[in-house]
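Novice: The lines below spell out each chain.
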Amino acid sequence: MDRALTQNPQAPTEKARWHSWIKQYPAAPIIVVLLVAFSTLSPYFLTAGNIESVLIANSVIMLGAIGMTMVFLTGGIDLSISTVISASAVIAGIVMAQTDSISLGIATALATGLAFGALNGFLIGYCKLNPFITTMGTQLVARGIAFLLSQGIAVKGTPFGLMDFSFAVVLGLPAVSIITLVITMLFIVLLGYTSWGREVLLLGSNRSAARYSGINTARTELSVYLLAGGLAGIAGLISIINLGNAIPGVGDTLLLIIIGGVVLGGTSMTGGEGSVMRTVLGVAILAILTSGLNLLGIPFYDQLIIQGVLIFVGNGLAQHLSRRR
Amino acid sequence: MFTKQPIASLSVLGLAKAFSGKTVVKDVSFSLYPGEIVALVGENGAGKSTTKNMLCGLLPPSEGEIQVAGQTVTVVDGKQHGIGAVHQELSLFSSLSVAQNICISDLPGKPGRIDWPACRQIAEQQLAQLGVDVDVNQRVENLGAGKQQIVEIAKALLHASKVLILDEPTTSLTAPERERLFTLMRRLKKQGVAIIFISHFMDEIYQMSDKFICLRDGRQVGSGNIADTPRRELEEMMVGRTLDEAKVTLTPPSTELAVQVERLSSHYFHDISFSIRRGEVLGIAGLMGAGRTEVAETLFGLRPFEGRLLVDGEQMIKPNVRQMKQRGVCYLTEDRRRNGLFGVRSVKENLSAAKLSRFVQRRVKGMGFRGEASQAQEWVEQLNISVPSIDEAVSSLSGGNQQKVLLGRWLATLPRVCILDEPTKGVDIGAKFEIHKKIAALAASGVAVLLVSSDLPELLDLSHRILVMRTGHIVGEFAREDFDAVEIISLAASSAFEKQRA
Amino acid sequence: MSLKHRLSAVNWLPIAAATLVACILLSLLSSSFMSYTNLQSVLVQASVTAIMAIGMTFIIVTAGIDISVGAILFFTSSLFAKLMMDTGSYTLAFACALLCATVLGALNGVLIIKYKITPLITTLATYTMYRGMAIHLTGAQNIPVPREMGFLGNGKLLSIPVPILLLAVVLAVGLYLFNATRFGLYARAIGNSAQSARESNLPVNKVTVFAYALGGITTGIAALILLARVGGLQSGIGIGIEFTVIAAVVLGGTKLSGGDGTIVGSVIGAIFLVLIDNGLNLMNASPYVYDIVKGSVLLIAVVIDKVSVTRQQQHLLNQRAARIRATG
Amino acid sequence: KLGLSVDQLFESRVGVLNAIKSEAQKQGFEIIEVVADGDPQAQNSQIQSLVTQKVDAILVCAVDQNTIERALLGAKRKGIPIVAFDRALPDSRAVDAFVGPDSITDGYLAGQYTAQQLAQIDGNIQVLELLGALNDQNGIDRSKGFNDAIAELPNVEVIAMPTDWDSARALAATQNAFQANPDIKAVFAATDTHIPSVETVLYDIAKLHPVGSDQHVVVTGVNGSNDGYQATLRGNADGIVVMDLHTTGVTAVQLAAALINGESVELNNVIPGNFYTTSNIEANKANIWGAQ
Ligand SMILES: Nc1ncnc2c1ncn2[C@@H]1O[C@H](COP(=O)(O)OP(=O)(O)OP(=O)(O)O)[C@@H](O)[C@H]1O
Ligand SMILES: Nc1ncnc2c1ncn2[C@@H]1O[C@H](COP(=O)(O)OP(=O)(O)OP(=O)(O)O)[C@@H](O)[C@H]1O
Ligand SMILES: [Mg+2]
Ligand SMILES: [Mg+2]
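Protein chains in written order, with the working numbering: chain L, 1 to 325; chain R, 326 to 827; chain F, 828 to 1155; chain P, 1156 to 1447.
The hints are simulated quantities; they were obtained by calculation from the structure and are not laboratory data.
Don't take every hint at face value.
[Said to hold, decoys possible] Calculated cross-link-like contacts (lysine to any residue; reagent style SDA-like; alpha-carbon spacing at most 20 Å):
| no. | chain 1 | residue 1 | chain 2 | residue 2 |
| --- | --- | --- | --- | --- |
| 1 | F | Lys1082 | F | Val1134 |
| 2 | F | Lys943 | R | Val669 |
| 3 | P | Lys1181 | P | Leu1414 |
| 4 | R | Lys680 | L | Trp196 |
| 5 | L | Lys23 | R | Lys347 |
| 6 | P | Lys1362 | F | Lys909 |
| 7 | R | Lys680 | R | Val669 |
| 8 | F | Lys943 | L | Thr47 |
| 9 | F | Lys909 | P | Phe1165 |
| 10 | L | Lys128 | F | Lys1133 |
| 11 | P | Lys1233 | L | Phe167 |
| 12 | P | Lys1299 | L | Leu148 |
| 13 | R | Lys680 | L | Thr220 |
| 14 | P | Lys1299 | P | Lys1362 |
| 15 | F | Lys943 | L | Thr220 |
| 16 | R | Lys404 | F | Asn1032 |
| 17 | P | Lys1299 | L | Val313 |
| 18 | F | Lys943 | L | Ile153 |
| 19 | L | Lys23 | R | Ser671 |
| 20 | L | Lys23 | L | Ser268 |
| 21 | P | Lys1299 | F | Asn1111 |
| 22 | F | Lys1033 | R | Arg438 |
| 23 | L | Lys128 | F | Arg1138 |
| 24 | R | Lys435 | F | Phe1010 |
| 25 | F | Lys1082 | F | Leu984 |
| 26 | L | Lys23 | R | Val669 |
| 27 | F | Lys941 | L | Cys127 |
| 28 | R | Lys515 | R | Ala333 |
| 29 | R | Lys487 | R | Arg438 |
[Unchecked claim] The calculated label-pair distances, taken between Cβ atoms and stated as ranges, are:
| no. | chain 1 | residue 1 | chain 2 | residue 2 | range |
| --- | --- | --- | --- | --- | --- |
| 30 | R | Thr348 | L | Trp18 | 19 to 27 Å |
| 31 | R | Gly696 | F | Leu1002 | 25 to 33 Å |
| 32 | F | Val1000 | P | Glu1185 | 49 to 57 Å |
| 33 | F | Gly1067 | R | Asn645 | 37 to 45 Å |
| 34 | F | Ala844 | P | Asn1439 | 43 to 51 Å |
| 35 | R | Arg695 | F | Ala1021 | 32 to 40 Å |
| 36 | L | Ala97 | F | Ala844 | 55 to 63 Å |
| 37 | F | Val1000 | R | Ile642 | 52 to 60 Å |
| 38 | L | Met185 | F | Arg1152 | 35 to 43 Å |
In this text, a Cβ means the ideal position worked out from N, Cα and C, and glycines have one as well.
Work out the full structure: start from the sequences and follow the hints.
Specialist: Pasting the structure below:
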């Protein structure tokens, strides 16, 4: 009888496991291909210096992308992440320039991010406003605040302690990458192994069903935007460490890169499906791609074209791999 | 060929379907002649819907041949071949109007200029045939589940000139609407339309069909004339084993009140009062749109209300779902797709969704889900859910199995008050009996059960008491010894008759 | 159906109300606002985004999105300017530009249905591609267009500015397509549920490609107007406009989740967005407060929208409750 | 090998890049070019990748003058000379030489001319200023220079409108500004690529009168693009400050070559812009990088 099927589920075969793994991480094969290609094509690609600079340059993007991942999991979108990064950097930069206190700077960066996150979360979670327009509104407000407070130019006077930190190396990795790594792991655990994380996924999968199951959808949603804001705050601070100064436009160009990284990793925009680990891989694709194409000396506009084409080729590849048995 | 029979409207030979290597339908062969109604029967997950999907061109068969009116076709095109289907899960467009939904596959007028008045007229005609009164300009999302089902049927009828496939069309319908549907099926039959009828209600199958095809685990295990096959035999052919005597025994309830409802009113109902005792099964009968679902949802804290609601003697003021859950109340929704299932998530996660904290590992508070998988596996076995693995996405399950998952989710919370809205919607006979036994056992253990169902025999079998609702009011109450199917239906329906007369 | 009932289905009413409020406020704050010429110039300014928003509405009701329209605009303008410069033939340049915009739009649709990647990521990829192609084409050079082109940007026919006329034409065609044709209905149906659409045998692929192609051609028209108005190709023209366009559509009452939307709403949404800038310009606001004000106004607009929708629903519910009480 | 790190691609930047590339070719240098597309973090890592590739010198135009210091110091430690072009890095400890415009003076030249033209008018004079991006130092400096010069007139009110270097926004802003203040007597565009937009608006409201006419609105700009050149030639614009992109590019490579050879060079090499008016612009066509 076929009931046996349910009672002793077949031990997954090697092939089936590979199959489901690829499904889980559609970005992985693309990364492998890119790594192999670039390291053969450019002798500089796998040098310590290059790896280090790629890690540092993508730390801000990674933190923003984690926030965006959570928001996407609920089926929402947060366009304000990029400019909240800028606003937090500027406000923290000003506070640090005035007080020369790093801890106060960290606190303000975090507080700024959380404040914007709370605003988004309240409006979207409790007032049930449309996430796209709402965060577009806060995006502009955050950008405006960043420009108003800094008058458009970099805020100078970053404490030397923070500058030194940018050169610090822990376990052979730049300190900012270690911070990013720790936060990433934290969120992998938070989303994958806590009831809060599960509630976020369920909420995104079917909001109405989540309500019918007794999940406090408004509060969960608020917490997601709040955390995304907090991460943007930290990202703003990291941008100061990386760049030495707080600049008002630092996050503005990152929005599409962040969204691209998240979706490339395989987190769906409609909610309920995805993970931080996928986002790590998605961001990695973009990071490897830009670094590799730069090292190969490909002209900027051709890089753009190649990036676009590779997204389709890569996705085709991933789909092909997951379809084959 | 020396047959005197007319050409088959539709015939299939060795039809098979596999999803990523797993065969779910195999060796299905039959012919369907004009003017005959063939019942497609089988347990949940037997492959009925999958077969239907291949017959109406939604899924390409992995193997086998389909002939329409004697011609072999590679892909079935519903409109061209005159094949219409009512799908198990509603396939309506919620933000379009009823008229637009009904006509969408065959719009009147030119492609560049739809004739909207004609469209409305067609829709009104279709609905009039089914004898229901629905505003065709209304958006479908504003209709209750029952009326949506009617719209779905009206839509399929429109271009089913040769073959009509009905996949569990009656799950959301109450007796009068079923009767109208059957009348219509008889008329179509007379007109020479061949009908494939999928249902888990044996009464209906014996009432309506001429022949049957029985599937078990994706294989065709029998076919023949309904008239020559005793009901018992067909049932056993479906499940592949001998069935026990299907009779649940009810234990008398205690006197302790679990739920009291006093003068409850909302936008959907008015002045509702009743109480449920521990160990009692209280049934609510009514036509679709009577407001039963709204009462049930209100009791679960999903909707605002006026009046008093007491659980265990404690008044609930503006309760929310969480508070009701803490009091041990659970609610099984009638609309599993919209309000129940987390489609892309796994069976395991769907089973644990209502009681996440139950699985939380204690060592680090709030972290990890130790025991989730084994619990889920246990429920899968208890409810006999047919699923390749508990990590499978719940949306790939068959309809009846999805319903079981949902039921499992709430039974897993070990409720003290159980509100069940159409609990056996789409569940096969064997499993339905198991669920009935479970409900009876639940009541026997002191759980108060509120049972909302459009399946009157189910209500009569399981309830201690039945309330009858009509347009938002309670219009009658029957104790078990006074149960009378005819009287209950006429009480529930009288408003509909009034409306027709007016 | 009662009038109230009918009105509740008109989902562009909230934004229309917000626009009206904004107009009243602005006419109080700035004496020059209510002049005929200013209102006309508001419409002219809105024409580019409004035309694009009409195309985008079709895409969004299919539950899609097109991030690449800004890049299509950039590429189309580049192609047009380049062809004008190299060949001097208006016919050739116009034909190629509009054709190319349509093809690029349609390509988005084709890629979406071929690779089954979400529309966002597909159009994000084509956004970088089209942008790269545009820079490749012109080498990031600015190219002037002939003065006669200016007719498209600030010429007048029957004393109505040409961009407004073009907007009216596109609006009329859009309304017709949306409300009277199979394509319009199918687009909404697909946005509601692609699964159901397939079950109902709708030509999902064709409709999808056509919707994106419409997004492309409206972008092409907008590109030509913009090019005519700014007098020549500038590197990066149009990049970033996609968010304004999407915002106009969403403000207009179209759901990003698809299935439901209005063309008129999108146009009003575009006008509303231009009003904010216009008001700030008229009031001589400090350049630094622009974004803050714009953001706040957007937030207020969604709140107003929400409140009015909720009130309408509440009203319908009360009506129902009264009916039920009456039957008792 | 020369590393070339650029903030973004647009017309005038490409003008300098072309000059750099042709000069580099003449001197036998190979060029490795990276474009940051406006992202300071990207530029940082790109500069580091240039260091990794062991270039002999780095020519850099910064996205933000204050934020690539870290990467530049890294290069400096490897002994790679650094030449900043177009955008000054005034506080940098890493830069060995700068070559580029003096944006304050450029703005000042345009302002000075405008002030002269408006000097005879009595009463309150309104002047429209189309700002560049609010976070671009060159834009900020041009504005500063222009305002310094115009402030010499006692009765001037400057109406500043943000444009973010975007012509469409410049167009809308000009249109709205003329609605609110129909008496605007002069327009200053931080980049002369916005001048065609200004012409569109003036034409719309029937105020497009050539230089010399009574009702002429004074229009000036900075840059030297073909847009500005043509407008000035037509007489719709009074004049433009033209940056000498060719000299900038050539000088940048020469400075780099000198530094590689260990020669000491001047730290600040300002290439002044020239103000050409309708009367003399045609004669100077050869000096205008954008003119076609
Ligand atoms: N898209 C799919 N991917 C994988 N498996 C599927 C898919 N659709 C159906 N199945 C599997 O095929 C089997 C048959 O499903 P089907 O829906 O045909 O059953 P059914 O007979 O209609 O049952 P029910 O009475 O419960 O509706 C089930 O085991 C189901 O899990
Ligand atoms: N989502 C909804 N939006 C608006 N009205 C609704 C909605 N759902 C149901 N209704 C209306 O509420 C009334 C009662 O709904 P419903 O059909 O759920 O009642 P019911 O007694 O549970 O019937 P059923 O037999 O269908 O379960 C109907 O008139 C229906 O039109
Ligand atoms: Mg089924
Ligand atoms: Mg119900």
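Novice: Could you run down the list of hints and mark each one as holding or not?
Specialist: How the hints compare with the structure:
Distance restraint check for lysine 1082(F) and valine 1134(F): the Cα-Cα separation of roughly 16 Å lies within the 20 Å cut-off, and the hinted pair is therefore satisfied. In summary, the hint linking lysine 943(F) to valine 669(R) is supported, as the alpha carbons are separated by about 17 Å, within the 20 Å threshold. A threshold of 20 Å between alpha carbons decides the hint, and for lysine 1181(P) with leucine 1414(P) the separation of about 17 Å falls inside it, so the pair holds. With a C-alpha separation of about 12 Å, the suggested pair lysine 680(R) and tryptophan 196(L) falls inside the 20 Å cut-off, and the hint holds.
A C-alpha spacing of about 17 Å is found between lysine 23(L) and lysine 347(R), which places the hinted pair at or below 20 Å, so the restraint holds. Between lysine 1362(P) and lysine 909(F) the CA atoms are separated by roughly 30 Å; this puts the pair beyond 20 Å, and the hint is violated. With a C-alpha separation of about 19 Å, the suggested pairing of lysine 680(R) with valine 669(R) holds against the 20 Å cut-off. Restraint check for lysine 943(F) and threonine 47(L): the C-alpha separation of about 37 Å exceeds 20 Å, so the hint is violated.
Proposed proximity of lysine 909(F) and phenylalanine 1165(P) is supported: the alpha carbons are some 16 Å apart, at most 20 Å. For the hint pairing lysine 128(L) with lysine 1133(F), the CA-to-CA distance comes to about 8 Å; that is within 20 Å, so the pair holds. A C-alpha spacing of about 15 Å is found between lysine 1233(P) and phenylalanine 167(L), which places the hinted pair at or below 20 Å, so the restraint holds. Using a Cα cut-off of 20 Å, the hinted pair lysine 1299(P) and leucine 148(L) holds, with the two alpha carbons roughly 17 Å apart.
Taken as a hint, the lysine 680(R) and threonine 220(L) pair is honoured in the structure, with Cα atoms around 16 Å apart against an allowance of 20 Å. Taken as a hint, the lysine 1299(P) and lysine 1362(P) pair is broken in the structure, with Cα atoms around 27 Å apart against an allowance of 20 Å. For the hint pairing lysine 943(F) with threonine 220(L), the CA-to-CA distance comes to about 30 Å; that exceeds 20 Å, so the pair is violated. Only pairs whose Cα atoms come within 20 Å are accepted, and lysine 404(R) paired with asparagine 1032(F) is accepted, the gap being roughly 17 Å.
With a C-alpha separation of about 50 Å, the suggested pairing of lysine 1299(P) with valine 313(L) is violated against the 20 Å cut-off. Of the pairs offered as hints, the one joining lysine 943(F) and isoleucine 153(L) is violated, with about 43 Å between alpha carbons and a cut-off of 20 Å exceeded. Under the criterion of a C-alpha separation no larger than 20 Å, the hint pairing lysine 23(L) with serine 671(R) is consistent with the structure, at around 14 Å. Using a Cα cut-off of 20 Å, the hinted pair lysine 23(L) and serine 268(L) holds, with the two alpha carbons roughly 13 Å apart.
Simply put, lysine 1299(P) and asparagine 1111(F) have alpha-carbon atoms about 19 Å apart, close enough for the 20 Å limit, and the pair holds. For the suggested pair lysine 1033(F) and arginine 438(R), the alpha carbons sit about 18 Å apart, so the restraint of at most 20 Å is met. Simply put, lysine 128(L) and arginine 1138(F) have alpha-carbon atoms about 14 Å apart, close enough for the 20 Å limit, and the pair holds. In summary, the hint linking lysine 435(R) to phenylalanine 1010(F) is supported, as the alpha carbons are separated by about 11 Å, within the 20 Å threshold.
Taking the CA atoms of lysine 1082(F) and leucine 984(F), the gap is about 36 Å. The hint is violated against a cut of 20 Å. With a C-alpha separation of about 13 Å, the suggested pair lysine 23(L) and valine 669(R) falls inside the 20 Å cut-off, and the hint holds. Between lysine 941(F) and cysteine 127(L) the alpha-carbon distance is near 38 Å, which puts this suggested pair outside the 20 Å criterion. Proposed proximity of lysine 515(R) and alanine 333(R) is supported: the alpha carbons are some 16 Å apart, at most 20 Å.
For the suggested pair lysine 487(R) and arginine 438(R), the alpha carbons sit about 28 Å apart, so the restraint of at most 20 Å is broken. At roughly 21 Å, the beta-carbon separation of threonine 348(R) and tryptophan 18(L) lies within the given 19 to 27 Å, and the hint holds. Look at glycine 696(R) against leucine 1002(F): about 58 Å separates their beta carbons, and that is not inside 25 to 33 Å. Checking the proposed 49 to 57 Å range against valine 1000(F) and glutamate 1185(P) shows it holds: the Cβ atoms sit about 54 Å from each other.
A C-beta distance of roughly 43 Å is found between glycine 1067(F) and asparagine 645(R), which places it inside the suggested range of 37 to 45 Å. About 57 Å separates the C-beta atoms of alanine 844(F) and asparagine 1439(P), a value inconsistent with the hinted range of 43 to 51 Å. At roughly 38 Å, the beta-carbon separation of arginine 695(R) and alanine 1021(F) lies within the given 32 to 40 Å, and the hint holds. Distance hint for alanine 97(L) and alanine 844(F): a CB-CB separation of about 45 Å, inconsistent with the stated range 55 to 63 Å.
Between valine 1000(F) and isoleucine 642(R) the beta carbons are some 56 Å apart, a value that agrees with the proposed interval 52 to 60 Å. The hinted window of 35 to 43 Å between methionine 185(L) and arginine 1152(F) is violated, with their beta carbons roughly 58 Å apart.
Checked against the numbered hints listed earlier, the structure breaks hints 6, 8, 14, 15, 17, 18, 25, 27, 29, 31, 34, 36 and 38; every other hint is satisfied.
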